[in-house]
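Participant: Guided by the hints, dock chains B, C, D and E onto chain A, whose structure is given.
Protein chains in written order, with the numbering used here: chain A, 1 to 299; chain B, 1 to 299; chain C, 1 to 299; chain D, 1 to 299; chain E, 1 to 299.
Just so you know, the hints here were simulated from the structure itself, not pulled from any lab data. Be a bit skeptical, because a hint or two may be false.
[To be verified] Computed list of lysine-lysine pairs in BS3-like fashion (alpha-carbon distance at most 30 angstroms, straight line):
1) C:Lys22 <-> B:Lys82
2) B:Lys22 <-> B:Lys280
3) D:Lys82 <-> C:Lys82
4) C:Lys22 <-> B:Lys203
5) D:Lys203 <-> E:Lys22
6) E:Lys22 <-> D:Lys82
7) D:Lys22 <-> A:Lys82
8) E:Lys203 <-> A:Lys82
9) A:Lys22 <-> E:Lys203
10) A:Lys82 <-> D:Lys82
11) B:Lys203 <-> B:Lys82
12) A:Lys203 <-> B:Lys82
13) C:Lys203 <-> D:Lys22
14) E:Lys203 <-> A:Lys203
[Said to hold, decoys possible] Partial pick of chain D residues on the chain E-facing surface, computed with a CB cut under 7 angstroms:
15) Met48
16) Gln51
17) Val54
18) Leu65
19) Arg161
20) Tyr210
21) Ala217
22) Leu218
23) Val256
[What the hints assert, rightly or not] A short, non-exhaustive set of chain A residues, derived as facing chain B with CB atoms under 7 angstroms:
24) Arg8
25) Val41
26) Pro205
27) Val256
Built from N, CA and C at the ideal position, the CB exists for glycine as well.
Okay, here's what each chain looks like letter by letter:
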Amino acid sequence: MIDYDPHRWWTYFHYLRGSMIKEIVYRVMACVLWSVGVVAVHLHVRPMDIQPTVHTLAGISLSLLLVFRTNSSYDRFWEGRKLWGGIVNETRNLARAAGVFLRGDAALYGALLRWTTAFPYASAAALRGSSADLGPRAAELPPEQVAQVRGAQHVPLAVARRMSELLDEGRRRGYYAEYVQLQLDQNVQLLIDYLGGCERIHKTPMPFAYMLHLRRALVLYCFSLPLALVDVFGWATVPATFVVAYLFFGIEEIGVEIEDPFGNDDNDLPLERICDTIQKNLTALLPADGSAPQVSPTP
Amino acid sequence: MIDYDPHRWWTYFHYLRGSMIKEIVYRVMACVLWSVGVVAVHLHVRPMDIQPTVHTLAGISLSLLLVFRTNSSYDRFWEGRKLWGGIVNETRNLARAAGVFLRGDAALYGALLRWTTAFPYASAAALRGSSADLGPRAAELPPEQVAQVRGAQHVPLAVARRMSELLDEGRRRGYYAEYVQLQLDQNVQLLIDYLGGCERIHKTPMPFAYMLHLRRALVLYCFSLPLALVDVFGWATVPATFVVAYLFFGIEEIGVEIEDPFGNDDNDLPLERICDTIQKNLTALLPADGSAPQVSPTP
Amino acid sequence: MIDYDPHRWWTYFHYLRGSMIKEIVYRVMACVLWSVGVVAVHLHVRPMDIQPTVHTLAGISLSLLLVFRTNSSYDRFWEGRKLWGGIVNETRNLARAAGVFLRGDAALYGALLRWTTAFPYASAAALRGSSADLGPRAAELPPEQVAQVRGAQHVPLAVARRMSELLDEGRRRGYYAEYVQLQLDQNVQLLIDYLGGCERIHKTPMPFAYMLHLRRALVLYCFSLPLALVDVFGWATVPATFVVAYLFFGIEEIGVEIEDPFGNDDNDLPLERICDTIQKNLTALLPADGSAPQVSPTP
Amino acid sequence: MIDYDPHRWWTYFHYLRGSMIKEIVYRVMACVLWSVGVVAVHLHVRPMDIQPTVHTLAGISLSLLLVFRTNSSYDRFWEGRKLWGGIVNETRNLARAAGVFLRGDAALYGALLRWTTAFPYASAAALRGSSADLGPRAAELPPEQVAQVRGAQHVPLAVARRMSELLDEGRRRGYYAEYVQLQLDQNVQLLIDYLGGCERIHKTPMPFAYMLHLRRALVLYCFSLPLALVDVFGWATVPATFVVAYLFFGIEEIGVEIEDPFGNDDNDLPLERICDTIQKNLTALLPADGSAPQVSPTP
Amino acid sequence: MIDYDPHRWWTYFHYLRGSMIKEIVYRVMACVLWSVGVVAVHLHVRPMDIQPTVHTLAGISLSLLLVFRTNSSYDRFWEGRKLWGGIVNETRNLARAAGVFLRGDAALYGALLRWTTAFPYASAAALRGSSADLGPRAAELPPEQVAQVRGAQHVPLAVARRMSELLDEGRRRGYYAEYVQLQLDQNVQLLIDYLGGCERIHKTPMPFAYMLHLRRALVLYCFSLPLALVDVFGWATVPATFVVAYLFFGIEEIGVEIEDPFGNDDNDLPLERICDTIQKNLTALLPADGSAPQVSPTP
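If we strip away everything but chain A, and leave its shape as in the complex, we get (with noise of 0.2 angstroms):
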């Protein structure tokens, strides 16, 4: 993700990194070019114009069309940072009720924070594909635990699996009851629904149906736009394509950027960022010296 301040207005303007310029730059480019040849063939050769009547009358169909499809990838972004500002608060919220109820065993503790902490590297490393990462923490758990788990089918579901028998580990050692456990467990659960979501927005894209004859459309009203304009634009034909093709294919590409929010784009979310706060917020409880913080409530 890029950082900025949506309250400075010119900063940007000359930004390509991120701004989707490499990505559309060849389709407006053939749009314009075009637009030279038909002026050109207007002008020199024969007329070849027409009324801007039917532009005008498709034009709302695919502009909203357009627009729509772009709040729809908008609203799986942000859908995408629900579930992830979900883990954060599931991570919080698992670290701080079990500690009350842990704070006498920093062993057991301490393996459920780091374990707890790896959940989000797994679930990041998983949706980009990469190889399994389960964050700096994982130096500091039993290796032969953390390759197993690094082979797992599907490792996040292997790191949950584990957190859920550390919970069940503190049962049988008396901390609490059946009923905490599974309390405590309601928030690994959350975890693997949030997860789950995240594959969801990842593995479906919009309906190919959808997605295809938005683009045909626009095509044919980008590449047939230089006929309804040549006659009274002329040579002023070829900026007015531009723009148009600029504004339409830079809509459609910013719908196409953040549908899938989870991969290493400019437009993407900072997974790596979301993941280094659960640690840092998480290794603030660690105990530093094998125990648990002491608390005195003096009501």
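Facilitator: This is chains B, C, D and E only, laid out in the frame that chain A set:
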């Protein structure tokens, strides 16, 4: 579902499959042929043109109605996807949470996992109206039970009932208390809720009046369009009508294609693939040698 | 509700039923007759045309308001459908979850199932303002209890109360603990929540000012339209006015038809069919011979 | 709230009440008088017309902003209605669920029901800023308790506190365990959540900048409109300006009317009626003769 | 936040504060000055006009994108308000529910209430990046605990941890069972969820590409507009450009102002006032004389 990479822009332009060409070709052709007739009569028999004012005025409402309808359908598509994502999540959660308590009884846990994998297959078959299918793991279940479930009035409900029975059996064997049983059963309850949601989408199309009014308005609009274009477009009326008809009938058809996303069409959800993912995730948890996976938390 | 196949495009074009023709015919005809008068006066008495500028400017707001209103109504339709889908789910869940605990007491379980099937019938009757109906299974319940429920101030609440009593009876007979009773009662609570949601939709139409302002604006727009068209359209003003009036009044009427989807109209929800589905699902669980279904999990 | 039947189309056209005429009449008249001045100057003093191009270009944004604002207000109206629907549901659920456990203690159950009916009345009064009202059943409660609640810093919270105390009393008298108490108290918690939601809507209008920018843009648009119409409309500019101003100011006013739906205006929610419904539903459950309703499930 | 009465229409027209004039004045002025130059060159040097066709065609997409962006920002504003409404609700619920169980231990209950009032103050400070603030009640808490919390890595989490410890202390002192503790702790969990939601909104602006493409398109549109108007508007091009630029840049600026509503700007949420409301509600529950409020339910 057609797999595609939304970042590849030009790759799919020639696709017939999934692009609704077959569905809308007759409507669009009828409209184009009609426009040929209109132009011919106008040029050679007697003028029959009108001004495009009405098409401009009515076009806004029609476009809005059309695009809103398509987006309502997309919302149904996405809701259907969410429901199946929920089915993935709950099967995972049930398997993980039950695994902690049933680690000592590989037979019971195995039966639960196998019935759990049967649920999505049975649901997909029920939604598609095909004959009862319980997936590849059903072969490892007692044949008489499988036969009884296959013959039930509502197969997925019968599978869920079987799962509830197994959870009850776990309590009766003393692996957990009534409270844990109910918590685990919540996952079964959610599975039934999600399936109910899918049945709701499947059985309830857009209101009849909405669908019909939109189509009648579309036909009125597209078939009167040549009259409004013929005077200034001449023979160019024919491709112009084609573009508008292709755009409008196409948007309407997208709405039809995705409003019930549980079928076998090109734009429907990949239910088989989701079922297979669930089956793989759960099979990985199956105790291979009759014993549940060993756990040794080393805190 | 009218059953239809959205993939069949031309089949329903001649339908009068469900297509709102009867509802809007007088409005549209009034507008068309008025346009005949306008054209006649304009051509034979004195010119009375205006430019269409204002219709273009106001048309955008009006179209947006119109289509948004219809979509708000569709949201209510769909929310109503979801609530009834929730009623289906919770009756299924209650039957399934209670069945596990009440397997040994076919009489109690049978009574619970029968009262559960009565709930949707009672709810549908309450929403429609018809006389209390408890469905076909009510005949198998004690007549004095049925009579008492039928005479209650709020019949579905009385049915729910009866269900809660039976769940309490189950606990008193020792089939489960207080905790299980409350969990099962959650399903009853959800049934009441869903019914309350339906009552909310039923009793709260669109805000009065919204409805009235839209209709006044529609009438101003449609009845002034012939003035804006007559100069360039001549007698074609009459069909042109017809098309616009048909489109606009039709969209408004869709909104009216579906904003309260619990009636008996062609575009309302098929409540009887949903009730019958529930009744069939639950009847399949009724112990035929006085004994609950045998279960033999063979893990 | 004004009761009306949306299926009666022409019945309400003459209504002044609830139709915002009083609210917008001065704005619209100012605009119309200004247009009279513009036409007079243009025709008799010196031409002062402009082309309508800018009104066409700016009109789209303005219309979108206007209609979106009104729909955001409608969403708040509908959310407010949902929250009160939730209050209906939870009072019913509390009464039903508590009734099962408190059947033997008519005095305690009666007090709980009476305090429960007081909650919606107290909430409505708090939202409307009127003096504390506890509804008709408050007369049957101990006067000193009623006086204490009336004098509290936040009356509905004090009522809820009283309800929680009664539920605690029920546990102390041994009618149910701590667990049941907490489950019943969940309904009280939901009542507080719903009231909090209403307070949120009541206290947070649309952002100031949104409201002000829209109104400034509306005034700029409507007061410059006569200049754009006068050349081709002549004196017809006056009714044309009237229509646009009436439409636009009216849409804006709908947004204002319904964004805080808890007042006593014609378009606000019928809080009294909802309170009365709750009171009637719960009074029907009051043990008439000091004993709770007898239950004899005959399974 | 600026307090205003939406029913007073003309009162705020002269406001500079909160009306974004300061924010957009340079952009709008640049555009106006440019239009002066265009008109001067066109009239006195050489014609440089174009037709407005392209502005009409592109204006629809641009307007849609602009208004959708502003509405997405409004959704964030409203979601932020909902989250703080949730914080109000949960602090109330925790105070009410805990009060029932802790009535006998005024010291413990007082400490819990005071820490609970500290949570919203700490959250507001964290969202605004200001130095840790625990509100007016923090002075009544043990200074060393306050200092420790102020120095924590994440102050609101540390407050929540303190609240969990006090709830645990209540259980250890025997006022309630583990089950009740967990239920009360759910409210703390919700507080953390709501804070996490606020952090999500605060840290995630609109996608960079969306913001930048919209601004570039706005600049292209507004700065080319004088060319499209100059031929028919003459010097009236200057005020016309002003109106469009003011409208468009203003809508964009609204989106920027309200997308992160947790700051100290005129259009941000009144966090201080919400914190004070919570503090007052909870202070009213503080046992004045060291004993919890007496309760004497007289059923």
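Participant: Evaluate each hint against the coordinates.
Facilitator: Status of the hints after comparison with the structure:
1. C:Lys22 <-> B:Lys82: Not OK: Lys22 (chain C) and Lys82 (chain B) at ~39 angstroms, beyond 30 angstroms, violated.
2. B:Lys22 <-> B:Lys280: The hint is violated at about 36 angstroms.
3. D:Lys82 <-> C:Lys82: Given that 30 angstroms is the threshold and the Cα spacing comes to 15 angstroms, the pair holds.
4. C:Lys22 <-> B:Lys203: It holds: about 27 angstroms lies between the C-alpha atoms, which stays within 30 angstroms.
5. D:Lys203 <-> E:Lys22: Holds, because 27 angstroms separates the two Cα atoms, which is no more than 30 angstroms.
6. E:Lys22 <-> D:Lys82: violated (39 angstroms)
7. D:Lys22 <-> A:Lys82: Violated: Lys22 (chain D) and Lys82 (chain A) sit about 44 angstroms apart, past 30 angstroms.
8. E:Lys203 <-> A:Lys82: holds (12 angstroms)
9. A:Lys22 <-> E:Lys203: holds (27 angstroms)
10. A:Lys82 <-> D:Lys82: holds (24 angstroms)
11. B:Lys203 <-> B:Lys82: Holds. Lys203 (chain B) to Lys82 (chain B) sits at ~17 angstroms (cutoff 30 angstroms).
12. A:Lys203 <-> B:Lys82: holds (12 angstroms)
13. C:Lys203 <-> D:Lys22: Holds, at about 27 angstroms.
14. E:Lys203 <-> A:Lys203: holds (26 angstroms)
15. Met48: Result: violated, 10 angstroms to nearest chain E Cβ.
16. Gln51: holds (5 angstroms)
17. Val54: holds (5 angstroms)
18. Leu65: holds (6 angstroms)
19. Arg161: holds (6 angstroms)
20. Tyr210: At 5 angstroms from the nearest chain E Cβ, Tyr210 (chain D) passes the 7 angstroms test, so the hint holds.
21. Ala217: holds (5 angstroms)
22. Leu218: It is violated, given that the least Cβ distance between Leu218 (chain D) and chain E is near 10 angstroms, above 7 angstroms.
23. Val256: holds (5 angstroms)
24. Arg8: violated (29 angstroms)
25. Val41: Violated, because the Cβ-Cβ distance from Val41 (chain A) to chain B comes to roughly 16 angstroms (cut-off 7 angstroms).
26. Pro205: holds (5 angstroms)
27. Val256: holds (5 angstroms)
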